[in-house]
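Given chain A, work out where chain B should sit, using these hints.
One-letter residues, chain by chain:
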Amino acid sequence: GAVVSQHPSRVICKSGTSVKIECRSLDFQATTMFWYRQFPKKSLMLMATSNEGSKATYEQGVEKDKFLINHASLTLSTLTVTSAHPEDSSFYICSASGNQGAANQPQHFGDGTRLSIL
Amino acid sequence: QQQVKQSPQSLIVQKGGISIINCAYENTAFDYFPWYQQFPGKGPALLIAIRPDVSEKKEGRFTISFNKSAKQFSLHIMDSQPGDSATYFCAALHWSNKLIFGAGTRLAVHP
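Residue numbers (my numbering), protein chains in the order written: chain A, 1 to 118; chain B, 1 to 111.
Next up, chain A with everything else stripped away, as it sits in the complex (with noise of 0.2 Å):
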């Protein structure tokens, strides 16, 4: 169980263009969605935190207006990159957790984006 699916695993596209990641809650209800950057060999950096049905709240640093997010279901969450940029090339990785309100819950982790802005 706790199954979190992220899709494209891999993008390409060329720079100013605006790319969307899903993330996906397969097999429970994802209350509170995360979404992370991490560089090569670094560890994992989060930049935004999303409840269903609320507007997301970024880490400092992070810009709201570059990095959109969306979670509109309790199954569904989605970061896009606007108009992004060479230096927007990374690993964006999703990851959810359920039952708000509980303490001490996991986070699962999809699978990840690699996104190359050329």
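These aren't lab readings, by the way, just hints derived from the structure by calculation.
You may find that some hints are simply not true.
[Stated by the list, open to error] EDC-like, lysine to aspartate or glutamate: derived pairs with alpha carbons at most 20 Å apart: (1) K98/B to E52/A; (2) K20/A to E52/A; (3) K57/B to D79/B; (4) K64/A to E22/A; (5) K41/A to D84/B; (6) K64/A to D111/A; (7) K14/A to E87/A; (8) K42/A to D84/B; (9) K68/B to E56/B; (10) K66/A to E87/A; (11) K42/B to D88/A; (12) K58/B to D31/B; (13) K42/A to D111/A; (14) K42/B to E22/A; (15) K71/B to E26/B; (16) K98/B to E63/A; (17) K64/A to E52/A; (18) K42/B to D111/A; (19) K57/B to D31/B; (20) K58/B to D84/B; (21) K66/A to D88/A; (22) K98/B to D88/A; (23) K20/A to E87/A; (24) K55/A to D27/A.
Relative to chain A, chain B alone:
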């Protein structure tokens, strides 16, 4: 201070040996401590986790030891196998539901 310090950065172990990775934290607002295993090009997978009211948890070849007073916890991989070669991240869950990750340990198990 929301920080989790992890060591070593890299680790080489012979097949059959014990791999030990250590983590330390400062913030007492953490209440759940998971370990994640990540293979190249994949997302982290939850390996094992412990709550602060427990001093040790074992699942198969993987054991977490937790020292609440010292604010330290460690992962032991017994009988390490080449298939265990991956990057391991310790983490701490803050009451705000944010996971704070350690820097990661790249484990290589040689045959």
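Hint check results:
no., hint, in the structure
1, K98/B to E52/A, "holds (16 Å)"
2, K20/A to E52/A, "holds (18 Å)"
3, K57/B to D79/B, "holds (17 Å)"
4, K64/A to E22/A, "holds (17 Å)"
5, K41/A to D84/B, "holds (17 Å)"
6, K64/A to D111/A, "violated (23 Å)"
7, K14/A to E87/A, "holds (12 Å)"
8, K42/A to D84/B, "holds (19 Å)"
9, K68/B to E56/B, "holds (11 Å)"
10, K66/A to E87/A, "holds (12 Å)"
11, K42/B to D88/A, "holds (19 Å)"
12, K58/B to D31/B, "holds (18 Å)"
13, K42/A to D111/A, "holds (16 Å)"
14, K42/B to E22/A, "holds (16 Å)"
15, K71/B to E26/B, "holds (7 Å)"
16, K98/B to E63/A, "holds (19 Å)"
17, K64/A to E52/A, "holds (17 Å)"
18, K42/B to D111/A, "holds (5 Å)"
19, K57/B to D31/B, "holds (15 Å)"
20, K58/B to D84/B, "holds (16 Å)"
21, K66/A to D88/A, "holds (10 Å)"
22, K98/B to D88/A, "violated (23 Å)"
23, K20/A to E87/A, "holds (17 Å)"
24, K55/A to D27/A, "violated (24 Å)"
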